[in-house]
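The sequence shown begins at 1 in full-length UniProt numbering and counts up one residue at a time.
It cannot be assumed that every hint is accurate.
[To be verified] Under the rule of at most 30 angstroms between Cα atoms (straight-line distance), these lysine-lysine pairs were calculated in the BS3-like manner:
(1) 101 - 81
(2) 115 - 69
(3) 115 - 150
(4) 84 - 69
[Stated by the list, open to error] Here are the computed distance ranges between Cβ atoms for each label pair:
(5) 39 - 64: 15 to 23 angstroms
(6) 69 - 40: 19 to 27 angstroms
(7) 88 - 26: 18 to 26 angstroms
Since the hints were derived computationally from the structure, they do not count as laboratory data. Ideal Cβ positions, reconstructed from N, Cα and C, are used throughout, including at glycine.
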Amino acid sequence: MLNIVLLEPEIPANTGNIGRTCVAAGARLHLIEPLGFSLSEKALKRAGMDYWKDLDVTTYIDYSDFLDKNPGAKIYMATTKARKVYTEVSYEPDSFIMFGKESAGIPEEILVENKENCVRIPMMGEIRSLNLGNSAAIVLYEALRQNGFKGMELEGDLHHLNW
1 MLNIVLLEPE
11 IPANTGNIGR
21 TCVAAGARLH
31 LIEPLGFSLS
41 EKALKRAGMD
51 YWKDLDVTTY
61 IDYSDFLDKN
71 PGAKIYMATT
81 KARKVYTEVS
91 YEPDSFIMFG
101 KESAGIPEEI
111 LVENKENCVR
121 IPMMGEIRSL
131 NLGNSAAIVL
141 YEALRQNGFK
151 GMELEGDLHH
161 LNW
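Based on the provided sequences and hints, a complete structural model is requested.
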């Protein structure tokens, strides 16, 4: 199972949106405190819709706690400072994909220790970053694609039309 990790997320709607994406993708969500909101906050639940109850989510008191409870985890860190594009790595089926808080990203001290596992999403011009929910979806679905969308619905009905 793929894993999305949010390090100190600040905006409940982003976390709710990412939680919904995790449910749709069959991914686990890891939240590293401090959080900029309460997990009972309305905005979190609204963005996660009625899917939040189905989410596999774990919280940690800090980054060290996360590392202690996930020994040997292969962690890819999404950052605008990376040299590799997110499509240039091979995601294992149990990879962890980490994103930092909206206002500052992943602290540079952590990135420097893990620079070989840092990935970036290419952008035009002077844009600082994409929305956290969009970034998580982009990288998560690349990891799913690389793993053959295992266990996911690949075909669907288009209502009553015949194609």
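*Enumerate the violated hints, using their earlier numbering and listing them in ascending order.*
Hints that this structure does not satisfy do not exist here, as all of them hold.
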